[in-house]
Amino acid sequence: MGDALVHAVDEVTVSVRPKEFVALLGSSGSGKSTLLNLMAGLDRPSSGAIFAHGRNLAEMSSEDLAQHRSHTIGMVFQAFNLLPRMTLEENVELPLRLAEVDRNNRAGRVREAVERVRLSARLTHRPSELSGGEQQRAALARALVNRPTILLADEPTGNLDSATGDAILHLLQEINESLGMTIVMVTHDRDRAARYAHRIITMGDGKLLSDGTKI
Amino acid sequence: MKTRDLTELAARNLREAVLRNSLTTLGIAVGVASLVAMLSLGVGLQELANKKLSKSGLFDAVFVSSKTNQRGIGRQNPPESSTPKEPAKILDNEARQKIAALQNVVEVYPEIRFPTEIQFEGKPYSTTVAGIPPSAKAEGAFDGMKGNFFSNPDADEAILQIEFAKDLSSQPDSLIGKNLVLRYAERQPLPAEPTTKKSKNAAPGADSADEITGQSPGFSIVPREKTFRIIGIVETEPATSVGSFGRGRLLIPMQVAEVLRVAQANDLRGLLRRSSSKQTYDSLTVRVKSPTQVKSVEDTIQQMGYGTFSLLDATKSLRLVFAVFDLFLGIFGSLALAVASLGIVNTLVMAILERRREIGILKALGAADRDIRRLFFAEAGVMGLLGGIFGVTLGWLIGTALTFGTNVYLRQRDLPPIDLSSIPWWMVAGAIGFSIVVSLAAGIYPASRAAKLNPVEALRYE
Numbered sequence: 002m003g004d005a006l007v008h009a010v011d012e013v014t015v016s017v018r019p020k021e022f023v024a025l026l027g028s029s030g031s032g033k034s035t036l037l038n039l040m041a042g043l044d045r046p047s048s049g050a051i052f053a054h055g056r057n058l059a060e061m062s063s064e065d066l067a068q069h070r071s072h073t074i075g076m077v078f079q080a081f082n083l084l085p086r087m088t089l090e091e092n093v094e095l096p097l098r099l100a101e102v103d104r105n106n107r108a109g110r111v112r113e114a115v116e117r118v119r120l121s122a123r124l125t126h127r128p129s130e131l132s133g134g135e136q137q138r139a140a141l142a143r144a145l146v147n148r149p150t151i152l153l154a155d156e157p158t159g160n161l162d163s164a165t166g167d168a169i170l171h172l173l174q175e176i177n178e179s180l181g182m183t184i185v186m187v188t189h190d191r192d193r194a195a196r197y198a199h200r201i202i203t204m205g206d207g208k209l210l211s212d213g214t215k216i
Numbered sequence: 181m182k183t184r185d186l187t188e189l190a191a192r193n194l195r196e197a198v199l200r201n202s203l204t205t206l207g208i209a210v211g212v213a214s215l216v217a218m219l220s221l222g223v224g225l226q227e228l229a230n231k232k233l234s235k236s237g238l239f240d241a242v243f244v245s246s247k248t249n250q251r252g253i254g255r256q257n258p259p260e261s262s263t264p265k266e267p268a269k270i271l272d273n274e275a276r277q278k279i280a281a282l283q284n285v286v287e288v289y290p291e292i293r294f295p296t297e298i299q300f301e302g303k304p305y306s307t308t309v310a311g312i313p314p315s316a317k318a319e320g321a322f323d324g325m326k327g328n329f330f331s332n333p334d335a336d337e338a339i340l341q342i343e344f345a346k347d348l349s350s351q352p353d354s355l356i357g358k359n360l361v362l363r364y365a366e367r368q369p370l371p372a373e374p375t376t377k378k379s380k381n382a383a384p385g386a387d388s389a390d391e392i393t394g395q396s397p398g399f400s401i402v403p404r405e406k407t408f409r410i411i412g413i414v415e416t417e418p419a420t421s422v423g424s425f426g427r428g429r430l431l432i433p434m435q436v437a438e439v440l441r442v443a444q445a446n447d448l449r450g451l452l453r454r455s456s457s458k459q460t461y462d463s464l465t466v467r468v469k470s471p472t473q474v475k476s477v478e479d480t481i482q483q484m485g486y487g488t489f490s491l492l493d494a495t496k497s498l499r500l501v502f503a504v505f506d507l508f509l510g511i512f513g514s515l516a517l518a519v520a521s522l523g524i525v526n527t528l529v530m531a532i533l534e535r536r537r538e539i540g541i542l543k544a545l546g547a548a549d550r551d552i553r554r555l556f557f558a559e560a561g562v563m564g565l566l567g568g569i570f571g572v573t574l575g576w577l578i579g580t581a582l583t584f585g586t587n588v589y590l591r592q593r594d595l596p597p598i599d600l601s602s603i604p605w606w607m608v609a610g611a612i613g614f615s616i617v618v619s620l621a622a623g624i625y626p627a628s629r630a631a632k633l634n635p636v637e638a639l640r641y642e
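Protein sequences, first through last, are from chains A and B.
Numbering-wise (this note's numbering), the first sequence opens with residue 2 and increments by one.
Numbering-wise (this note's numbering), the second sequence opens with residue 181 and increments by one.
Hints are not guaranteed to be accurate.
Stated by the list, open to error - Covered stretches of chain A (in silico footprint by chain B; criterion: 3 or more residues with CB under 8 Å from a CB of chain B, positions within the stretch not fixed): (1) 62 to 68; (2) 88 to 101; (3) 105 to 116; (4) 171 to 177.
Source of the hints: derived by calculation from the structure; they are not laboratory data.
All C-beta atoms in this analysis are idealised placements derived from N, C-alpha and C, irrespective of residue type, glycine included.
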């Protein structure tokens, strides 16, 4: 992650360089999601260390971890995890509220993020009124709105058909290239991982099976 | 998270589960309402009692007599020696002036009440006349009277007691503005006649002797007539002194009554006891500014050597009764509020289960534990505030309804309306504040539980 080294449970040692697009591959229960959550600061390791921008997440207070999630990390999930009763605009604005971004700057930031995922026409719609692909793009806009340096995606295409999934992956690729954002994506789709990511890390039973192989 | 964002999110969450949250808020409101209704009833009844009692003219009065061994109701006097240390002092005009000059004394007046005869439209009627001091105007007895109170303290005006007015006319209201003639016996001093000097101190019971005055102790009685204009009719009878609970059917201004120098029953006794025709009083009524000053005035008068009597102690026990009454009403109201606050705990704990995922998402997006805690806390607080406001309104409505119902009942019995419940501003502020505090306290557990939720597990929760 960034220029940091990642040590995770089960003696996994991974490092992710800035602006890298890494795919974390493995079957379910292989520990890839846990590794992602550790990077996000949503979970704490029982031993070992996780460094992001030179700071050890394992030693941070929960307050600092919240700051880390707020400012350094953007997250996208398989289930989109939009708040159902908020409009797209409000959903995207939520991280800005949590990060205490000045009210006057919020509308601009939201517009910018929504434009990037090409959903400007859907600002006032609620998640239930959006297609799966649109919902994932909205989630992506929400992850980008706070201008994090690292984007963590947990099976972002898992709930989408292949065409829509490809569109999302295209978008991730585009974000990686144009914004220079580091991306770590958990997936179990080896083909797609190979197509979009710079590097593939394979995990099984909580252990690192391979690193860097692109098939 | 900034407070404004927090409030917006909290308000939003409350709106989203509008049914559940309104039911919880209603629960709080009912709790607050019962608290407010009960307290307002307690306060209202207390105010009513205080008002009626202080207006009765009994609790702000000290009754002074020349006797030194009179007991007050419920008052414990030190045991008296069998023989008085000094002879009782005479209540004369001088004493009256002195007492009137005391601090906090509004008025000092004697009791004037005599049976006599009046002429009305050519026919004679016998009745009892009573002198009414100006301060009686503020008394409850003159509330809701027909016509007016005396225009000034020495006006030749009369107020009739309703029963007597009915004797005079089948339509009592028509009497106002008419004249009646009062026939009475005036006491006139006899011409001077030489008297012998007496010893200054006589035996107990004989009272003190007067100095030689050039006047005879006797008097003659002369029949007189005086015309009064009827200006009002009163239903209840004002109590002007302890001795006159009742039995004044024709009321005239005290000052006018005094000038009449009507021969009263006790004049004869006075004649035997005194060797002077100097005006003396059997008893005087001292009207004090407020019941709280009765004690000090009473003490001062006792130091002057007169017997006193007041009903102060009765109000003290009354206050105690009301304090206990309030306490009990408050306890029942608080029980209702306790049930309501359990409702808050329940609602918020349920909300955590229901919103686990949302909490996980918020945490993933950068919400700190503190933010989640404050969010739940704010929701509890808002429910408390709304419940408090609604509850006070509801409590006020209950109080008003009770007052209305009571007044309908009273009107059927020809009694004047009362304010049964009273909600002073401190009760409004207190009830809302209490509601918020209770709600926040009820929110502590759910809020900290929500804050401690593990985001990874929360996100996994479907």
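Which earlier hints can't be squared with this structure?
When the structure is compared with the hints, numbers 3 and 4 turn out to be violated.
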